[in-house]
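Visitor: So the chains spell out like this:
Number of protein chains: 4
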Amino acid sequence: MSSSFGTLFRVSTFGESHGIGVGAVVDGCPPNLELSEADIQPQLDRRRPGQSDLTTPRQEADRVAILSGVENGLTLGTPIGLLVRNKDQRPGDYGEMSQVPRPSHADYTYQVKYGIRASSGGGRSSARETIGRVAAGAIAEKVLRQFWGVEIVAWVSSIGSVRCGEVDVETLDRRQVDAHITRCPDPEAAERMAETVREVRDAADSIGGVVSCVCRNVPAGWGEPVFDKLEAELARAMLSLPATKGFEIGSGFAGTELLGSQHNDPFVARQGRLGTLTNHAGGVLGGISSGEPLLFRVAFKPVATIGKSQRTVDFAGKSATLEAKGRHDPCVVPRAVPIVETMAALVLVDAALRQQARQL
Amino acid sequence: MSSSFGTLFRVSTFGESHGIGVGAVVDGCPPNLELSEADIQPQLDRRRPGQSDLTTPRQEADRVAILSGVENGLTLGTPIGLLVRNKDQRPGDYGEMSQVPRPSHADYTYQVKYGIRASSGGGRSSARETIGRVAAGAIAEKVLRQFWGVEIVAWVSSIGSVRCGEVDVETLDRRQVDAHITRCPDPEAAERMAETVREVRDAADSIGGVVSCVCRNVPAGWGEPVFDKLEAELARAMLSLPATKGFEIGSGFAGTELLGSQHNDPFVARQGRLGTLTNHAGGVLGGISSGEPLLFRVAFKPVATIGKSQRTVDFAGKSATLEAKGRHDPCVVPRAVPIVETMAALVLVDAALRQQARQL
Amino acid sequence: MSSSFGTLFRVSTFGESHGIGVGAVVDGCPPNLELSEADIQPQLDRRRPGQSDLTTPRQEADRVAILSGVENGLTLGTPIGLLVRNKDQRPGDYGEMSQVPRPSHADYTYQVKYGIRASSGGGRSSARETIGRVAAGAIAEKVLRQFWGVEIVAWVSSIGSVRCGEVDVETLDRRQVDAHITRCPDPEAAERMAETVREVRDAADSIGGVVSCVCRNVPAGWGEPVFDKLEAELARAMLSLPATKGFEIGSGFAGTELLGSQHNDPFVARQGRLGTLTNHAGGVLGGISSGEPLLFRVAFKPVATIGKSQRTVDFAGKSATLEAKGRHDPCVVPRAVPIVETMAALVLVDAALRQQARQL
Amino acid sequence: MSSSFGTLFRVSTFGESHGIGVGAVVDGCPPNLELSEADIQPQLDRRRPGQSDLTTPRQEADRVAILSGVENGLTLGTPIGLLVRNKDQRPGDYGEMSQVPRPSHADYTYQVKYGIRASSGGGRSSARETIGRVAAGAIAEKVLRQFWGVEIVAWVSSIGSVRCGEVDVETLDRRQVDAHITRCPDPEAAERMAETVREVRDAADSIGGVVSCVCRNVPAGWGEPVFDKLEAELARAMLSLPATKGFEIGSGFAGTELLGSQHNDPFVARQGRLGTLTNHAGGVLGGISSGEPLLFRVAFKPVATIGKSQRTVDFAGKSATLEAKGRHDPCVVPRAVPIVETMAALVLVDAALRQQARQL
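Residue numbers (the UniProt record's numbering), protein chains in the order written: chain A, 1 to 360; chain B, 1 to 360; chain C, 1 to 360; chain D, 1 to 360.
In short, the hints are calculated from the structure, not lab data.
Everything hinted at is true.
Calculated pairs, SDA-like style, for lysine to any residue (alpha carbon to alpha carbon, straight line, at most 20 angstroms):
| hint | chain 1 | residue 1 | chain 2 | residue 2 |
| --- | --- | --- | --- | --- |
| 1 | B | K87 | C | N72 |
| 2 | D | K87 | A | A65 |
| 3 | C | K325 | C | S98 |
| 4 | D | K308 | C | V268 |
| 5 | A | K142 | D | I116 |
| 6 | A | K318 | B | A269 |
| 7 | C | K318 | D | G275 |
| 8 | C | K142 | A | Q359 |
| 9 | D | K325 | C | S261 |
| 10 | C | K308 | D | L277 |
| 11 | B | K318 | A | A269 |
| 12 | A | K325 | B | S261 |
| 13 | A | K318 | B | T278 |
| 14 | A | K87 | A | Q59 |
| 15 | C | K308 | D | S261 |
| 16 | D | K308 | C | E257 |
| 17 | D | K87 | A | E71 |
| 18 | B | K308 | A | V268 |
| 19 | D | K318 | C | V268 |
| 20 | B | K142 | D | Q359 |
Please read these numbers as outputs of a predicted model, since none were measured by experiment.
Isolated chain A (complex conformation) (with noise of 0.2 angstroms):
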């Protein structure tokens, strides 16, 4: 049951990196919506490997089929099935490996918590596990863009050491997010972030980075308090990705250094609506949307597997020497910026359905 989220538009996922494919059962969208293939596909092709000499060089077209739930172009109110099939299923790469518990990877805890794991890859804990995620964010992303007019806008904010400037949160959209292969929005940092990956790429090695999120029009009056406060979704969502390890909302752990006095956000009058002058809050109080943006950033470790020799155990304990000899991301934050912009529309989306129920 744990591949399931969402309490209203409820995602079910499934599929193993290796298996016959990987997919979702999107229960509870709304009906009478417009769907097609071509609404879900191009979020799926911002994820997909070998966009660039950035990512890893495996090609893998991940062409999504509607199986249920949609008919004549209409979505019917029932249970949206969504198949990727496999295509670049090599199960003899890994085999050697297979003794050998990768550090850094889910091959241990898997096989420890099931007492077996996938012969192949990550199986599950394999970055391609949120395919099935992303085809249904695309539309979560849909039904919060028609509805209320929400837009999902992530960018590369840092990669290592390098930091994306400044950038206008109010504003700022996927083609510009899309003009570097980074998808940082600032020309000068990506370039020099390309730099910092394509090193790093050479010597065999990974890299980590943040990805930050604004999300626009989000109505005041989303989120439920206590348990389920948007920024706890918010947070619970991003942290279910793989590879990630921070996550922080508006002023975030900068914020703890602050006064009171410096990071309140005093309200100002805006149309029919109270703002906010400054949004040190990210967009959220009291785990409520305030109606400002919201705004967060998510921490992606460097990626686990990498060329150079490692020093490790096999399962057995005895030592082991390891060496990816696979194709893999040096860096996976350009990757992940579709993927954070899907768990954020999947919150949304059920934030918003649970608030429209309280419309009596």
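Chain A is already provided as a structure; the job is to place chains B, C and D on it using the hints.
Guide: Chains B, C and D only, in chain A's frame:
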């Protein structure tokens, strides 16, 4: 339903800050566990205000009563009702604020979400809401200790820009943490923190900080992959606490600057299991506990209620000035320590029971 | 977690029959609803023992107190804590039974399941557990009445082999039902039922019966297809009540003997919607309300506790004889009437809110 | 979210009758279980149409494919994707009905609920929706058999007014049930049932019936008290099946006419546990399995689709006449037998895992 947490060990909290009382119902506690109010009161005492001159001078005894689920000192396996009556109700104190939503508080968002809000204090958005959690968490901790020997210790790792020095996470205990009123186990830093808080308090201001937490003796194999990863549940739990703005596990945001070859934790043989030489992972791999200590940090913003005069607007959008009259914490993090432990315990006990269901 | 019910309007109950009290937490109640104890007490009064010579002579006042979620007579949208303190505790009464599991009671199964059980009375398996439900259900009923005009009326349709005559389900109200102590609205049958119960009571025995229920003004469109069909949720709700052994909706078991051409309900035009000429369906089609009255029946077995001597065995398997000393209902169905209404209300209010979430 | 069932062993189904396919995702299946399509196909074969002249002549092969969660013949503990492609799509067949909601079908209620419905056949309200359940249920049955030796056998106990004679529920097996095309294990009654169905079929009509079910070797202690009682979950599961109108367990409605002294099941010593002399309870006490066989019955109404001409109205309320042209079952109960077994298995496996979580 947003006031419930957990799948098999489920806590449902209730209560406003200025109503009759606050409490919780704990469903799914294992039967035949020795339990009385004496097991619960200590964490409530560590959480309550008025413990030192660094916290609000409000005196709240916060005595818990067990209403059900326990007989002759043993749990029955049935829901445990917990009630803490509110003593220090002063609805009048907040009266004048009612037309002006307090900046960086939830007054505005509750009003928009529900079309109504508690007339005094924060209602459910008040820190008093955490009392029900802490009572429930004390039970969770007892279960974890008794069946698995799990130890959970949180401490203050920074206040403003004052940082706690190195801490031995293998041995740190609550006695050491409580040795200083700041709950920072580094005596020298603790003194500087206390000084900072007093300065801030005297300036009628507030300041934020970071709480760190270690969970020891968590067996490998807890946590449910994909959406319910252990780190995802921890992130959600922590961001569900009032005033939190960030969460990081293991290397966190700093880890994004490392290379994979630096960040990867090589496996080593331990007695009957594998451990890791380093613990950048923070005790989780692929959402599952690795057997290494869980290590995470939570960012708390400066308390929003300050005595200092603030320019803002009222609900109608008209300019207004606010000066809090009440008795408030200049810094919440010392009292947040048991609350962070509480949420960690609630996450872990649920993960433990979910994994237990697999021991066929 | 088995003590929670509902997705958006969620009730969590707690409390043993001989502990401090019983109660519930209602999460998800719409805000701004006028609510006080006076809205809840009447159904508790209809449920309590000691109302006539047909029920147990135990006198339990069962006064409800609202602990949270309501301020100045209005719901806040936050969890509503409800508590009824136990008055008539006599732990001693049951002492002698403790070595002998009462036949057709839950003593044995609780002991096996939990390895412990409440020492007095039924604990959670007692009919007192329904108090928390009834209190919550009264709130649900108020929501249903206020926003949709829903009317729920249950009545006793049989006791033993005495059957209630034809009832006009379009107009039947609670006043008519309560006109006779049996809660059978057919005066002649009611008298014979009362006679039956008195005979059974005097023989230190007990007898079963059937409660029927109609829900009027339920709009078409409530109920979630597939697993959460409206009739499925009603069946679950009713079979979750102590002493129930059956549920049927519309034509029920008798309908299995009809031909399709007899059983099908032809559609007819009603004002602005379609109705049906007959209502063998009982108001649901494919798990969704049709706009016709919901009609269902619930079977209650004879109360298990009887004064008559019973041959059985003790927990060790040794022969034993039981003679209940306490004060018990010879027939539970008159008091079950408000409890059936309660569960219907809890099912409907949740279905209503879930459908409301689709009104985009 | 209404297409999901279960807490720890969770099934999510998808698919319309005339779309690409139907299927399910099973999350929470224990790892290391031998599993292949060959474990699932037999129950799908028992469910499919075209098995005899008593069912619809439609031929649907209904071959299942496992998409994920199984590798080298063993379950991985991860979600098991299951897909059955629709073969016999004839969207045209139903075209003419689209303006006229079929009486006692879900056309009208789906249209009101969603504002749209599948253009052909029943979509999600079709009996084809149960294919995903049956596939999932076959896995549940294998888990139950392997770890606890649970045996589930359902049979036809009546069609119309023809009743099956006494059945030995301790020994009845599926071979005996399948010996006759009616799935009634009483040969003489079976012949009369077949005759009845043929008469009804030749009259272009339909008829209802009752399916009974026994679950043996269910250990004492399964089922969660209060709202998730075992009988409540069974009732919900059965009433979630298309065309069901009633559920009873043990003595059911007939038991309401008994005295307590007749109905109570005296305990007797069995090997190492207590049993009961009689089993009016149907294997449950207080919502928890007692160790005695579970015994319940499910009422199926006559199939709504009949060839006979029916007077009704169209969606606009205008008079219309309907005559189904398709190929339909005159009586659904023989094919319902494996579906009832399926739902029993889904309930029991979830109860088993929930109880397993208590075995600390």
